[in-house]
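Please take these sequences and the hints and turn them into a complete structure.
Protein chains in written order, with numbering that gives the first Met the number 0: chain A, 0 to 512; chain B, 0 to 228.
Keep in mind that the hints were calculated from the coordinates and are not lab data.
Glycine included, each C-beta is placed from N, C-alpha and C at the ideal position.
Accuracy of the hints is not assured; some may be wrong.
What the hints assert, rightly or not - Covered stretches of chain A (chain B as the covering partner; in silico rule of three or more C-beta atoms under 8 Å from a C-beta of chain B):
{"id": "1", "region": "142-148"}
{"id": "2", "region": "287-295"}
Unchecked claim - Here are the simulated distance ranges between beta carbons:
{"id": "3", "chain 1": "A", "residue 1": "V381", "chain 2": "B", "residue 2": "D213", "range": "45 to 55 Å"}
{"id": "4", "chain 1": "B", "residue 1": "N126", "chain 2": "A", "residue 2": "V32", "range": "54 to 64 Å"}
{"id": "5", "chain 1": "B", "residue 1": "G65", "chain 2": "A", "residue 2": "D93", "range": "26 to 36 Å"}
{"id": "6", "chain 1": "A", "residue 1": "T102", "chain 2": "B", "residue 2": "M190", "range": "31 to 41 Å"}
{"id": "7", "chain 1": "B", "residue 1": "K227", "chain 2": "A", "residue 2": "L426", "range": "45 to 55 Å"}
To be verified - Sample of chain B residues facing chain A (criterion: CB under 7 Å; computed from the structure):
{"id": "8", "residue": "A15"}
{"id": "9", "residue": "D23"}
{"id": "10", "residue": "E170"}
{"id": "11", "residue": "L193"}
{"id": "12", "residue": "A199"}
{"id": "13", "residue": "D213"}
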Amino acid sequence: MNLMLYALIGLPTVAGVAALLLRGNLVRRCLLVVAALGHLGLTIAIWNQQVLPVESGQWLALDGPGKLFLGVMSLLFAASALYCFGYLERENLDLLAGRTDSTNESEQIFIGCLLFFEAAMTLVTMSQHFGLLWVAIEATTLASAPLIYFHRHNRSLEATWKYLLICSVGIALALMGVFLLAVAATGTTKGQEPIPLTVMDLISAAAAGKLDHSWLHIGFLFVLVGFGTKMGLAPMHNALPDADSEAPSAVGALLSGALLNCAFLGILRYYQVCAAAGEGAFCQQLFIIFGLLSMAVAGAFIIGQGDFRRLLAYSSIEHMGIICLAVGIGGPVDASLGFASSGIAASCGAFAAALHSVNHSLTKAALFLLSGNIRHFYNSRVAADVRGAVHSIPWTGGLWVACILAIVGVPPFGPFLSEFLVLKAALDQGQYFIAILYLLLLAVVFVGMTSVALSMAFGKPPEGEREATAPEPIWAVAPPAVLCLLVVALGLYLPEQLKTALVDAAAAWGVGK
Amino acid sequence: MMLELVLVFVMLTTLAVTGAGRLDTCIRLVGFQGAALGLLPVLLAMSGGEQGTLDTAAHTGWENAGWRVLLLALVGFVLKGLIFPGLLLHSLRAADVRHDVEPVIGFGTSLMAAVLILAGSFWLAANMKLPHEATSKLILPAALSTTLIGLLIIVIRRTAITQTVGYLVMENGIYIFGIAMASEQPFLVEMGVLLDVFVAVFVMGIIIFHISRDFDERADVDQLSELKD
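Here it is in C-alpha cells:
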C-alpha cells in the first residue's frame, strides 16, 4: 500500500523532471499521456484495495476522503492530458500561421509544470500531517501559476499575478491556522507531551479532551479563510474567475474540477479534528454561511455574464458553495450506509457533499474542455458571438448542451441526484429556511446559466462564419464525451465501489448535530 | 535580552518598510528583517531552556536539538536575508525603477495605520490566553503586528514589487509565530515551508519581470485591470 502511494507521487514528479530535460515536443507529449494513464492505472489499482485505517503517526496514507478525491483528480488529469496532446499541436499550428495574439510559453515548461501540478495534488490527497498538507497545497499554487500564464498575453499575465498573490496570501493565513492548531495541541495541561499534527493523532487527542478549544476555534477560522481563498469560497473568491477563464481549457478543467476539491480537503481535515473535539456545530454553522454566500455571489455574477469561460468559473464557485453547505447541514451517517446497501435515499449531508463533488468535477471538467473547442472555432470568448454551435460543431455543441443541463441540475444527470440529496438532508434536519434559500439560489443560477449557455448552442450561426471544413478532431471530443457519459451514468446508477468510497468519505465528515 | 532586541528590530523594520518610498530601500529593509529572523531559532533555544517552554531544546535537550536549530537558523538566514532580497533586487534592476507609486492611502496615513496595528497587536497579545507562557512577552505582539502590517502593505501598495515585499513581511510574521509557538513542528515541515516560500518569491520575480516588460516599467498593478465583471 505504502509503496503504491510513493509511486503515485513519484511517477508524475519523475515524468515532470524528464519533461524539462527531454528534447522534442512529440516525445514530451507522449510522456505526458503515458504518465497520466500510468497514474490513472495505479489509482484504479488502489481503488480496488480496501481502505486501511490510518495508523497513528503516519504522514502519508489514503483515507476515505483522500481516496475519493484522488480518484476524481487522476481521472480528470488523464482526460486533460489526452486533450492536451492534440491541443498543444493545434496551438503550435496556430502560432505558425499567426492566428493568435499570444506568444506561448515553451511546451517544456508547460508539460513539466502540468506533471508537477499532478504530483502536488496527489500529495494533498494523501497528506495526513497538517504541515505536509500545507506544503502540498502551496505547491499546487506554484506549479499551476506557469500553467495559467501559458498564452503569455496581458490578460493571462494579470490573471496569473492575481492568482499567485491572492492564493499565496490566503495560504499564508492557512499556515497561521496550522500553527494555531499546533498551539492548541500543546495541550490543556502543563508538561503534557505535544501531540503530533497528524489527523488521526489529533482526532484521538481531541476526543480525549486534550486540545485547547479557543485556539482550535481561531485556527479553524484561519484555515477556512486561507484555504477558502484557494477553494473559491465567497467572499475570498476573487482570483478564481480570472485564473480559470484565462488558463488553457485543459488547465481550467483541472483547476475547477480537481484543485478546488484539494483545497476543500484541507479545510475538511481540520474540520474532522474540530468535530472530534465536539466543536463540529461551530464549524458547520460557518460552512452553511459561507456555502450560501458563495451560491448567492456566484448567482449574482452568473446573471448576465457575457464571457462563457467566466460563466463556468462562477458556476464552480456556486458548486463549491453547495458542497460546503451540504457538509454544514450534516446529519447521521447511518442513513447513508443504508443508502449504500439498499438504495434508499440518504439523509446525510456529508454523503451528498461527497457525491456532489464527484458529479461537479466530472461535469465541470467536460464543460471546460468543450469551452476550449467552442472558443477555438468561433475565435471568441464572448457568449453573444457564439450562435448555433450544435449546427457548426455538432459533437461539441451537443455535449455542451448536455453538460450545461447537467450542471444546472436537470435529471437524469448526476448533479441532479446529489443536489436533491442536499435538499433532502436539509429537510430531514429541519432546516427549512436553509432549504428554501438553497432552492431559490439554485433557481437563480438555473435561469442565468441556461439563458446564456443554451443560446450559444442554438440559433443561426453568424453570417460569414467559416464552415466546419474539417471534422472535429477526436482528441477534442472524446475526453469530454467520456466525462459526460460518466455524469449520465452516475445519475442513473452508482457502482458498488463508488458507493463504498462515498460512504467512507462521508463517514469522516458526517457528524450529527 | 538579545531575543527582545531582535523582536524590536523586526517591528521597527516593518514600520520602516511601510513608510519607505524607495523600492530598493523596501527590499533591503525586508532583507535585514529576514536576516535578523534567521537568528531567532538559536536565540529561542538559548533563552527557552530553563523556563520549560515548548521549544525543542527544552524537550530533548540542547545537544539533540542543536544541529536542527543551527541548520534551521542557517537556512532561514540565507534564504530570508540574502536570497529573497537578492531575487527581488534583480527583478528591480530588470524593471529599472527607483521610486514606488504613492500608496492608495498615502505614505503618512499608511504609517499611522501601521502604528495603530502595532498598538492593537500589543493590546490583543496581552488579552490572549496562551496554553503555556511564551519565552518572551514580545513574541506575540511582534508576530501579530508583522503579519497584519504585511497584509496592509499588500493591500495599499500598487506595484508588484512592493506587494511581494508585503508578502515577505507577512510571511516573516507567521514565521515568528511558528518558530516561537509551534516549535515542535518537524524539521521537514519547516524546510518544506521555506522551500515553498522560496519558489513563490522566485515565480513572483519572473512575473514581475513580465509585468514590467509588457506594461510600463514600474510594474504598477493598477494597469492590470482588464479582467473584471
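(message) Run through the hints listed earlier and report the numbers of any the structure violates, in increasing order.
(response) Those not satisfied are hints 2, 3, 5, 7, 8, 9, 11.
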